[in-house]
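J.: Using the sequences plus the hints, can you model the full thing?
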Amino acid sequence: MIKEVVHRVEEIGQMENTVFIMTSDNGYNHGAHRLIHKMAPYPESVRVPFAVRAPSHFLQQGEPPLSSSPVSLEKSEDLSLSSLQAEESQEGSMETRLSAAVSENLPSKQRSSSAVTIRSPVKLIDLLPTFLDMAGYQKPTYVDGKSWKPLLSQQQSALEEEARQTGPSVSREVFVQYGGGAAREALGGGHEGIASEIPAFLFSLGPWWLSLDVPPHRALYSEDGLLYVEWMGETSNARAPHGHELYNVTADPHTLDNLLHSRPKDADVKNAKQRLDARLQELKSCKGDECP
1 MIKEVVHRVE EIGQMENTVF IMTSDNGYNH GAHRLIHKMA PYPESVRVPF AVRAPSHFLQ
61 QGEPPLSSSP VSLEKSEDLS LSSLQAEESQ EGSMETRLSA AVSENLPSKQ RSSSAVTIRS
121 PVKLIDLLPT FLDMAGYQKP TYVDGKSWKP LLSQQQSALE EEARQTGPSV SREVFVQYGG
181 GAAREALGGG HEGIASEIPA FLFSLGPWWL SLDVPPHRAL YSEDGLLYVE WMGETSNARA
241 PHGHELYNVT ADPHTLDNLL HSRPKDADVK NAKQRLDARL QELKSCKGDE CP
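The numbering of the sequence shown is full-length UniProt numbering, which starts it at 1 and goes up by one.
Calculated from the structure, these hints are not laboratory results.
No false leads were slipped in.
Under the rule of at most 16 Å between Cα atoms (straight-line distance), these lysine to aspartate or glutamate pairs were calculated in the EDC-like manner:
1. Lys146 with Glu223
2. Lys38 with Asp25
3. Lys287 with Glu173
4. Lys146 with Asp126
5. Lys273 with Glu245
6. Lys146 with Glu173
7. Lys273 with Asp224
8. Lys139 with Asp126
9. Lys287 with Asp126
10. Lys146 with Asp289
11. Lys139 with Glu290
12. Lys270 with Glu245
13. Lys149 with Asp126
14. Lys146 with Glu290
15. Lys139 with Asp289
16. Lys273 with Glu223
17. Lys284 with Asp144
18. Lys287 with Asp144
19. Lys265 with Glu245
20. Lys273 with Asp257
21. Lys284 with Glu173
Restraint ranges, calculated between C-beta atoms of paired labels, are given here:
22. Ile12 with Ala135: 17 to 25 Å
23. Asp289 with Asp266: 30 to 38 Å
24. Asp266 with His7: 56 to 64 Å
Yeah, the Cβ is synthetic: ideal placement off N, Cα and C, and Gly gets one too.
T.: The structure is reproduced here in structure tokens:
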């Protein structure tokens, strides 16, 4: 189907005016963390496939010209494509990869299929700001997300150098929030907890059992490779968090060692929890450019 869409766009002469994005919904846990469904804050739930192909004139500063050399973001065998893809580098750092291939202004059959990986978190919430940026428009101040156009507005040599780095090229936090399934219990007490931020009718759009094994939560993937989770809604006081988890995703990419449990008296763990909890409180209710 993807091939047919691309060929059709070529036939009507709109390749230089078209940005292709291939992504998907997130997948089920299938037993990871002993969970079945897909709404958990762990990497298995959060990661999604993500590939982009765009004409390079959309990546230039200012108003895009009518035509220019294309930039192709395509899948290759040796580079991964993902939004929030956690993996170990040579130094074990958590990386999120956006794969990019740069080619000259050649017919499609002659374009390069090689890809360059940019290590930086790319989120689906960043799509609208990126589209606006590519089209030469300013993002409204109330819109969440960040444009990843600057990550692609580089020459091939610069992209290849980025791919050789062991750390992130651009530091970006990833904020995760979920209020379904088990949040139904909180709705009965006056829309308490995280469920207060979600219209009640949304909980009726699917089977009530669809996400029973994943309670409401907020989570933050930090710039220094940590995952902090705040669980909500399963206590008599649904307004208050009932549990927390902290993982070093660099050393523990499968998030199996909750440092708050295994190292509860460690000063670094305590400091990290305090810092990330404060940051989570800043992010949970802000929007757009008002987020610090």
